[in-house]
Amino acid sequence: MPVMLLRSIKPLELMNGTRCIIHNCNRHFVEVVIAAGIYSGQHHSIPRIPLRPSGTLVPFQFERKQFPLRPCFAMTINKAQGQTQKVIGLYLRQPIFAHAVVVVVVVVVVVVVVVVVVVVVVVVVVVVVVVLVVVVGVVIVVAVWWWYYYYQIKLVHPCLKFAPSHIAPSFLRKKIGFK
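Letter by letter, the sequence shown follows residues 385 to 563 of this note's numbering.
Derived from the structure by calculation, the hints contain no laboratory data. Hints are supplied without guarantee of correctness; some may be wrong.
Restraint-style ranges between C-beta atoms, simulated for each label pair [stated by the list, open to error]:
# : residue 1 : residue 2 : range
1 : Asn408    : Arg436    : 25 to 33 angstroms
2 : Gln445    : Arg411    : 20 to 28 angstroms
3 : Val503    : Ala458    : 51 to 59 angstroms
4 : Thr460    : Gly425    : 22 to 30 angstroms
5 : Gly425    : Asn462    : 21 to 29 angstroms
Glycine included, every Cβ here is placed at the ideal spot set by N, Cα and C.
Kindly generate the complete structure, drawing on both the sequences and the hints.
Set out below in structure tokens:
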């Protein structure tokens, strides 16, 4: 049966919290094998020790002898500190990491919202720039077209009374003064 020492008996080997396995029980001592640590596998005899309760209201003191052992199927975190375990199990009556899950979900939602807003802003800026480039390009094309035909009619055919339709459209011919 696995047990844990409740008192320090032998410095460094049999200390408070040492896990042992009962090998043999006698009336005055218990033979144990250390279960974990650097002294693992060593056999020791643990005697009964006298215990005197303190703070009693009776006018006399009494004493009893018992083994400083407790069954050790489970161990508190404080007793387990500094010990090496091959396998451990945790019994959590309530979820202890639930608050962290909520924080992670909130952070993920905030990051997603920020990314979506940045993407929308970038898309809007790109659309505005494309529209401005198209509008400026159309204005430049119309202006070049207008001046090209105007100067072609005035400079290339200054003596013509009319501009042929392949040189300039009708609204331009009328504006310049050609038929």
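Going through the hints against the structure:
1. The hint said 25 to 33 angstroms for the Cβ distance between Asn408 and Arg436, and at roughly 28 angstroms that hint holds.
2. Taking 20 to 28 angstroms as the suggested C-beta distance range, the pair Gln445 and Arg411 conforms, at roughly 24 angstroms.
3. Distance hint for Val503 and Ala458: a CB-CB separation of about 52 angstroms, consistent with the stated range 51 to 59 angstroms.
4. Remark: the range hint 22 to 30 angstroms for Thr460 to Gly425 is upheld by a beta-carbon distance near 25 angstroms.
5. Separated by about 25 angstroms at the C-beta atoms, Gly425 and Asn462 satisfy the suggested range of 21 to 29 angstroms.
Of the numbered hints given earlier, the model fails none.
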